[in-house]
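Those protein sequence lines, which keep their order, are chains A and B. With this note's numbering, the residue at position 128 of the first sequence is 233, and numbering never jumps. With this note's numbering, the residue at position 210 of the second sequence is 315, and numbering never jumps.
Treat the hints as calculated values from the structure; they're not laboratory data. Honestly, I wouldn't trust all of these hints.
No distinction is drawn between identical chains; accordingly, a pair holds when it is met within one copy or between any pair of copies.
Derived lysine to aspartate or glutamate pairs resembling DMTMM-like cross-links, with alpha carbons at most 25 Å apart [what the hints assert, rightly or not]:
#1 Lys423 to Asp370
#2 Lys390 to Asp370
#3 Lys471 to Glu415
#4 Lys390 to Glu371
#5 Lys390 to Glu373
Here the structure is a predicted model, which means the values were calculated and not measured.
There are 2 protein chains.
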Amino acid sequence: MNPTTTTSPYAPLQNDTFLRACLRQATDYTPIWMMRQAGRFLPEYCATRAKAGSFMGLATNTDYATEVTLQPVDRFPIDAAILFSDILTVPDAMGLGLSFAQGEGPRFATPVRDEAAVAKLEVPDMDKLRYVFDAVTSIRKALNGRVPLIGFSGSAWTLACYMVEGAGSDDYRLVKSMMYSRPDLMHRILQINADTIAQYLNAQIEAGAQAVMIFDSWGGVLADGAFQEFSLAYTRRVLSQLHKEYNGARIPSIVFTKGGGLWLDEMEKLDCNALGLDWTVNLTKARALVGGSKALQGNLDPNVLFAKPEQIEAEAIKVLNAFGTPHSGSGTGPTHIFNLGHGISQYTPPEHVGTLVEAVHNHSRKMRSAC
Amino acid sequence: MNPTTTTSPYAPLQNDTFLRACLRQATDYTPIWMMRQAGRFLPEYCATRAKAGSFMGLATNTDYATEVTLQPVDRFPIDAAILFSDILTVPDAMGLGLSFAQGEGPRFATPVRDEAAVAKLEVPDMDKLRYVFDAVTSIRKALNGRVPLIGFSGSAWTLACYMVEGAGSDDYRLVKSMMYSRPDLMHRILQINADTIAQYLNAQIEAGAQAVMIFDSWGGVLADGAFQEFSLAYTRRVLSQLHKEYNGARIPSIVFTKGGGLWLDEMEKLDCNALGLDWTVNLTKARALVGGSKALQGNLDPNVLFAKPEQIEAEAIKVLNAFGTPHSGSGTGPTHIFNLGHGISQYTPPEHVGTLVEAVHNHSRKMRSAC
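Only chain A is shown next, with the shape it has when bound in the complex (with noise of 0.2 Å):
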């Protein structure tokens, strides 16, 4: 397939690298964006922020979120660019009252934490969540096919965390509490989840999104055997929804569970075409149990990006030859997509990514190059 061949009614795609990867298809060299790449590490990301006056009031109004996913892409020659949203959208709509207090991190009104609570929850009216679809047509637009835009959800288990804690949590004692306890409540949300998940994301591809990304954040909290029957599982379910082709075009889907590296080879089941690895993973090992099978996306830390130049470059050769050299031809084969292991941190100096997306650029040219 090629994905500048479709019945879209948007601009044709100038740059599908990206596309081309997640899919496993042969590239002029390895496509790059960053996770939490339209964030407070940009200037002008605060400064549109500043305009929004809150966090939520960037992330619902149409003409804001598109500033801000525009203007890494603007900034950088990055391949992608990603909806700018929050993952708490969801859990917002399902009614739990999302509030993001100064300094504090989000926080639900209503946390989910015991049998009459679950029975009230359930896939909410996506009208809800139109300014989410309106922002990513209107960002789709506004990329007038420079780059293919990506969208994105939690997992069902993330999800379920924030929406049990109430808010960030080191230990997860409460969530866990509930799934050890009372796993038939468990299970009851995260079916709720992985249906308005499939749901939320499907409405996305309609709207434009031609590539989704589901964050399985906190999958790796899990312990093993729980990650399967209370993470892993809810996500199948809400791939085995998803629109796999919208207007003519594959819409590719990433699943990234931070943590997730001694899961791997359950992961690689999964119906999905590529997978997201944090740092500690090891690519020449990733690519050998999964790259048969499916693209692998990462996996820098992002705490590279504080070091000199010359190390970040020397940092970023490393990923890529621990990857190797991809796919090249024609039909399929192992693909990587450059990227963070986690989100890019606000203090990162802006200037500091343009080496890193440009070292990541020359380098994977001269890979393919030299064989």
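Dock chain B against the given chain A, drawing on the hints supplied.
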């Protein structure tokens, strides 16, 4: 070797199950102890802590440290005691000025953040840690041979995290920035830490510790490659200097890297007796990988202890069965030491720990008789 026939000045050991399992020798049942077992989940601990006035008041007072170390041994039929102390005693002895602010966790007055601070670092006089060694001797006497006493230290990398960050951290930005931008400074810190830790553990052994454990609590935050260079190499340096035998008794050593499951094959080459595992690791796979040379310690999720007794039993049995029947008969073979995958939560109901210990002892006896 029979750990009870030594030239030790202490009372003969009545329960050598833990030491035998560390040395991959057969035992009648699977021994169990819990990380942070002398801690806030016990009301008697909180009472002693209140008398002592502060955490360091507790740790530096021989009588109090002895009292709290023995509390879990008095309450539960566990198979080992572990010195009550803190991993930060070592950087405190280096002059970094440790304090525990109310409800805030540890903090260092003078963190090590630049070349000048690194240049000033040196292996401290072990006399500054005399209170730890005095506590070890006092505890060993008070135990009167009931169960063996474990001494411990943080790993070189884990101590460096606290020394550079100056406190706990979410992202390890400062310590990793130094690691990536000034690896020379980081290596110097780690060398000094490793040599200090070796002296510290040897002094604990000389004072009466019958086994030692290295807590590499933050090794798992490192990228693949960086872990080997900045954590594992210095754990190796510590181990190479440790007493393997003292007063005619073998002194087993345990290394626990939280989040280190992906590096088990490399950790197998360490000159230690046992490897600690967190709950993300599949014990069946870990045994197949490294059980041929290392005892395995772990790996129940501490949050299981918030479930109902029958669920705690079921989860304990899952862990025991995942490891499988340990070695029996003479010689050495795969053995298991039951533990949590992390410190016990302060919110744990103490009676649930009783349920766990009983379940582990009972089921592991049954597993052996079924052979």
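Tested hints:
1. Lys423 to Asp370: both (24 Å within a copy, 21 Å between copies)
2. Lys390 to Asp370: both (11 Å within a copy, 12 Å between copies)
3. Lys471 to Glu415: within (17 Å within a copy, 60 Å between copies)
4. Lys390 to Glu371: Cα proximity of Lys390 and Glu371: in one copy and across copies (15 Å, 13 Å).
5. Lys390 to Glu373: Intra 14 Å, inter 18 Å, cutoff 25 Å: intra and inter.
The structure fails none of the hints (numbered hints given earlier).
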